[in-house]
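With chain E fixed as given, assemble chain X onto it according to the hints.
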Amino acid sequence: MFKKILVPTDGSAPAARAIKQAVRLAREQDAEIVGFYVGPPWSMPVYGEYLPPEVLSEEVHVRAVKDAADRYLREVRNAAAAAGVKTRCYHVLGEHPHEEILKAARQNHCDLIVIASHGRRGLSRLLLGSETSKVLARSRLPVMVCR
Amino acid sequence: MFNRILVPTDGSPAARRALARALDLARGRNAQVTVFWVAPPWEPNLYAYDGNVPAGFVSPRQHVSHVKKAAERHLAPARKAARSAGVRGRFIHREGAFPDLEIIRMAKRDRCDLIVMGSHGPRGFLRVIIGSVTAKVLAQASVPVMVCR
Chain E
1 MFKKILVPTD
11 GSAPAARAIK
21 QAVRLAREQD
31 AEIVGFYVGP
41 PWSMPVYGEY
51 LPPEVLSEEV
61 HVRAVKDAAD
71 RYLREVRNAA
81 AAAGVKTRCY
91 HVLGEHPHEE
101 ILKAARQNHC
111 DLIVIASHGR
121 RGLSRLLLGS
131 ETSKVLARSR
141 LPVMVCR
Chain X
1001 MFNRILVPTD
1011 GSPAARRALA
1021 RALDLARGRN
1031 AQVTVFWVAP
1041 PWEPNLYAYD
1051 GNVPAGFVSP
1061 RQHVSHVKKA
1071 AERHLAPARK
1081 AARSAGVRGR
1091 FIHREGAFPD
1101 LEIIRMAKRD
1111 RCDLIVMGSH
1121 GPRGFLRVII
1131 GSVTAKVLAQ
1141 ASVPVMVCR
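Residue numbers (our numbering), protein chains in the order written: chain E, 1 to 147; chain X, 1001 to 1149.
Don't take each hint at face value.
Listed next, the in silico BS3-like pairs over lysine-lysine satisfying Cα-Cα at most 25 Å (straight line) [unchecked claim]:
id : chain 1 : residue 1 : chain 2 : residue 2
1  : E       : K20       : E       : K134
2  : X       : K1068     : E       : K20
3  : E       : K103      : E       : K20
4  : E       : K4        : E       : K66
5  : E       : K86       : E       : K103
6  : X       : K1136     : E       : K134
In case anyone wonders, no lab produced these hints; they're calculated from the structure.
Predicted model only: the values in this text are computed from it and were never measured.
Extracted from the complex, chain X is given alone in its bound form:
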């Protein structure tokens, strides 16, 4: 029934469990998963002045390289898990200031028919609330969203 499953990830335990469920749904059905990580965009450093650059300044080029490394950290385990499960997958990252928007865009672009995601990211700890990105995706998605804890 669900043939193209979008699995946004932020590396949190809930996201890992969401991926496991997505792979379970996709397994043996020739469905495909798109595992997707949104990186923060480069921000111009406001403290550079007089040609003196404070420690910690990151150039746009350095940012791209940091993002690439972080993406590998997030997506490599997913790639491995998909391979073990025998599920076809795409493993993508994008930069964006608004992860929920990027997720919705990717769902449309990839013609996904289901989104499976964690209930909250690494900063979530109260059981009574749901993470902000998940909440915003729920508000905007036009396909079903399976929320996993």
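Bound conformation, chain E alone:
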């Protein structure tokens, strides 16, 4: 019934567990997985007269995001390969992860989103992660929330 599953990840431990669940489900359903990471956009830092040496250029930032994306999405690729599940992974830069996630689901014609209940910023203060909440609120597709 599910043919294409979007699996957003932020590289966190909850996301790793969601990836495992998504891959198992994909194998059972004979579905494909679209692994997806949203990196922060670069913004030009504003300083007064003195520009600190540690300021990253846009080029360096984009490369750092790509490195992180490769690391995080490798988890999806490895898990999918081990299970014999077809996968396609990519990343974008965006201010609002939930918007990019919903756009990715549309553009890839996904029929399910599998996402962790929480991300990097952790469990203790929130009942449900902020980006996961927003994806849930606005998704028209079913969303499986894993923990």
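Then chain X, alone, in the frame of chain E:
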């Protein structure tokens, strides 16, 4: 992968769609669904006095009978749908003031490995929010929760 699926229902369109997805997941896999409806508990009528009982008073016994009838209304279509899909199911109702708690309890008691439920009940109409029961189940569940619109 998911062998025991809990499907809380409140009779709303989203709940019906959630059941359809759960049956799809369970079909042909020998998985079982537990369709579950939580009824409101009997509340003592605060206006009974002097042995005069105002119109509309419901005795605990009457409440049980109302609940049974409502449960049939909620669960009978689910039973039918499961049978058509060839999926084994249990169709249960309980009384409880806190549906989210009852749902979590039932998931544990029934050793469910997935909860499939609607995003909101009959009162939900704003697309930007998620229903309160679903939100609370999401906050407390220890198994994955598939939220359907």
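Here is what the structure says about each hint:
Distance hint between K20 (chain E) and K134 (chain E) is fulfilled; the C-alpha atoms sit about 22 Å from each other, no more than 25 Å. Only pairs whose Cα atoms come within 25 Å are accepted, and K1068 (chain X) paired with K20 (chain E) is rejected, the gap being roughly 41 Å. A C-alpha spacing of about 23 Å is found between K103 (chain E) and K20 (chain E), which places the hinted pair at or below 25 Å, so the restraint holds. A threshold of 25 Å between alpha carbons decides the hint, and for K4 (chain E) with K66 (chain E) the separation of about 24 Å falls inside it, so the pair holds.
Annotation: proposed proximity of K86 (chain E) to K103 (chain E) holds, straight-line Cα distance about 21 Å (limit 25 Å). In summary, the hint linking K1136 (chain X) to K134 (chain E) is supported, as the alpha carbons are separated by about 15 Å, within the 25 Å threshold.
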